[in-house]
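Asks: Protein sequences appear in the order of chains V and U.
Mind the numbering: the first sequence is residues 1023 to 1334 in the working numbering, read in order.
Mind the numbering: the second sequence is residues 1023 to 1334 in the working numbering, read in order.
A few of these clues could be false.
Note: identical chains are not told apart, hence a pair may lie in one copy or across any two.
[To be verified] Only pairs whose alpha carbons sit at most 25 Å apart, straight line, appear in this in silico DSS-like list of lysine-lysine: (1) 1257 with 1148; (2) 1084 with 1316; (3) 1263 with 1232; (4) 1147 with 1257; (5) 1257 with 1316; (6) 1324 with 1123; (7) 1128 with 1148; (8) 1147 with 1316; (9) 1229 with 1324; (10) 1269 with 1257; (11) 1075 with 1263; (12) 1263 with 1084; (13) 1130 with 1313; (14) 1263 with 1127; (15) 1086 with 1316; (16) 1232 with 1128; (17) 1324 with 1075; (18) 1257 with 1086; (19) 1128 with 1025; (20) 1269 with 1075.
Hints listed in this document are in silico derivations from the structure and should not be mistaken for laboratory results.
Chain residues, written in single-letter form:
2 protein chains.
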Amino acid sequence: MFKTEVTRRLNIEYPIILGGMVWICMHELCAAVSEAGGLGVLAGGSMTADELKGEIESVREKTKKPFGINIPLLRPDAEDLIDISIEGGAAAVITSAGNPKRFTKKIKDAGLVVLHVSPNVTLAKKAEDAGVDIIVAEGFEAGGHNGFDEIGTMALIPQVVDNVSIPVVAAGGIADSRGFAAAFALGAGGVQMGTRFVATHEARAHKNFKDAILGVTDTGTIVTARTLGPTRCIKNPLAEKILAAEKGGAGVEELYELIGEGRSRKAAVDGDIVEGTVYCGQIGGLISELKSVKTVIDDIIKNSRKTFNLDP
Amino acid sequence: MFKTEVTRRLNIEYPIILGGMVWICMHELCAAVSEAGGLGVLAGGSMTADELKGEIESVREKTKKPFGINIPLLRPDAEDLIDISIEGGAAAVITSAGNPKRFTKKIKDAGLVVLHVSPNVTLAKKAEDAGVDIIVAEGFEAGGHNGFDEIGTMALIPQVVDNVSIPVVAAGGIADSRGFAAAFALGAGGVQMGTRFVATHEARAHKNFKDAILGVTDTGTIVTARTLGPTRCIKNPLAEKILAAEKGGAGVEELYELIGEGRSRKAAVDGDIVEGTVYCGQIGGLISELKSVKTVIDDIIKNSRKTFNLDP
């Protein structure tokens, strides 16, 4: 059961993919997800080329199973990261934030599977045209960087599924067996989860960051930087400051000081959850317990058959 | 199959509820949904007390099956509408936009079932405490009036389900058997659909309005009036005008001229889809065909078993 085109193409046991989260998807978390039967992912977005090389080596020391690298295509050195991923023996590259035409052929020619993150139908179709193997359709519920169109996962997945012929992985709003089963009902062949995997022992996130996710409620996240690049995070003092600046008509420079890359590092690495950006999806309110990665995945697989509460 | 606490409490065949849409949920649509096995609903929000009385009579001429009345509690004459619903023999009242404590006991004492629309966990719990029978948890994907918290259906449903002990109906982003099955996977005991039922022969909406829904894409809706009262509608010239006014810091009066009640009437009744507000959910992009209400419901029931594409 749960063998889909996604598990076949990626050669993994369960169709569960780790969302590429900067500072957090380091080798421990990546290897743990792969070892547990999913697709572990390293977040290339917060690593230098050398760091990525080192992290790949560390993953390979911990697991023989397939893993992937997330690479935001807006990185000036995106091609270097791709070369390192290929040479390092990654099974897949997950590209986002850029034109999938640029490197898809190169990655595929090297024998890797290409996944591309798309927040709407048009971009999903473009990715398919570019030769991408699998679409990760990410809804507005997701933490971190988010599409401009604000399409919820429930509405997004069936519309993407109807418009592409390659497999679709659902992302945004999924943290347990119910979300997993719902994704399949909507026509997806797998899920990508981020926030749920932050609240694990293996995630390289500061304790304060994990505690913030364990404590958040359904209304506790917000989207900032709607015009520059929407980002879902916990409604903390920094987020309020960003919203106030946006409302007050702050310029791009002023905003970049508040939303720059250093802000996510400050929260995830330094544990400053007041002045740092705590990326978190809307499903954070469902997550109340720190678990091991294996328990997260095993629970989903075990419980997902029971979730249809017909005649409960 | 598909017998849930929702079907039992409402005494209906299928757990499918018509969303209360002003100007559109008149007796033809209401009676058709009830006749097809769901819960038809009259939109009290756009009717005078006398009109509601007449519409209830017309429903009862067309069907002997249970039907409900949607009543926004902010209406100054909400209690009159409730009295008319009780005297008219409605099976249920769906309340929204106001404190469920006010009339729940009165409605239940008269033998009717009370449903309350909630966009987040806190309000759902308050509704349960007020004695409401069923929560309609409505996600950000939904057309028309929308919660301030922007919680997507995928993230909202399991969190509400975990926090109340009464049945939960999922709303927002549902238009076919896939959304129906996903709602059950998430723990709901039924669905409420609006936009899908607008695109039916029986809906009392102008042809231009129906055509607009048939033509919309996944990115074609937008939320206006985020500060006054978020409303999801099709991105038309009026919506652009509202967004520009909001961005330009327009005052409340200026905004009310653009978003007032007359604007939805203009679109739904007069067919002015340029200067009127065309309420539409994000799932509009999935809807490409005008159907009869019976076909919509029969298709959902027939296909919802096939939707799990495990090992496709």
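Asks: Next step is simple, just say for each hint if it's right about the structure.
Replies: Checked hints:
1. Proximity of residue 1257 and residue 1148 under a CA criterion of 25 Å is satisfied inter-copy only: 23 Å between copies versus 34 Å inside one chain copy.
2. Taking CA atoms no more than 25 Å apart as the test, residue 1084 paired with residue 1316 passes inside one copy only; the shortest distance there is 14 Å, against 56 Å between copies.
3. In this assembly of identical chains, residue 1263 and residue 1232 lie within 25 Å of each other by CA distance solely inside one copy; the values are 22 Å within and 42 Å between copies.
4. In this homomeric assembly, residue 1147 and residue 1257 come within 25 Å of each other (Cα to Cα) only across copies, at 22 Å, whereas the closest approach inside a single copy is 34 Å.
5. Within a single copy, residue 1257 and residue 1316 get their C-alpha atoms no closer than 30 Å, and across copies no closer than 44 Å, so neither meets the 25 Å cut-off.
6. Taking the shortest Cα distances, residue 1324 and residue 1123 never come within 25 Å of each other, neither inside one copy (38 Å) nor across copies (40 Å).
7. Taking identical chains as interchangeable, the C-alpha atoms of residue 1128 and residue 1148 lie at most 25 Å apart only when both belong to the same chain, with a minimum of 17 Å there against 56 Å between chains.
8. In the homo-oligomer, the alpha carbons of residue 1147 and residue 1316 never lie at most 25 Å apart, since the shortest distance is 34 Å inside one protomer and 33 Å across protomers.
9. In this assembly of identical chains, the alpha carbons of residue 1229 and residue 1324 never lie at most 25 Å apart, being 28 Å within a copy and 48 Å across copies at closest.
10. For a Cα distance limit of 25 Å, the shortest separation of residue 1269 from residue 1257 qualifies both inside one copy, at 16 Å, and across copies, at 22 Å.
11. Within a single copy, residue 1075 and residue 1263 get their C-alpha atoms no closer than 37 Å, and across copies no closer than 51 Å, so neither meets the 25 Å cut-off.
12. Neither within a single protomer nor between protomers do residue 1263 and residue 1084 lie at most 25 Å apart by alpha-carbon distance, with minima of 41 Å and 56 Å respectively.
13. Proximity of residue 1130 to residue 1313 under the C-alpha cut-off of 25 Å is found in neither arrangement, the shortest distances being 35 Å within a copy and 43 Å between copies.
14. For a Cα distance limit of 25 Å, the shortest separation of residue 1263 from residue 1127 qualifies neither inside one copy, at 43 Å, nor across copies, at 43 Å.
15. Taking the shortest Cα distances, residue 1086 and residue 1316 sit within 25 Å of each other inside one copy (16 Å), while across copies they are farther apart (54 Å).
16. In this homomeric assembly, residue 1232 and residue 1128 never come within 25 Å of each other (Cα to Cα): the closest approach is 37 Å inside a single copy and 46 Å across copies.
17. Taking the closest pair of Cα atoms, residue 1324 and residue 1075 never come within 25 Å of each other, the shortest separation being 35 Å inside a single copy and 52 Å across copies.
18. Taking the shortest Cα distances, residue 1257 and residue 1086 never come within 25 Å of each other, neither inside one copy (39 Å) nor across copies (50 Å).
19. Taking identical chains as interchangeable, the C-alpha atoms of residue 1128 and residue 1025 are never at most 25 Å apart, the minima being 28 Å within one chain and 52 Å between chains.
20. Proximity of residue 1269 and residue 1075 under a CA criterion of 25 Å is satisfied in neither setting, with 42 Å inside one chain copy and 46 Å between copies.
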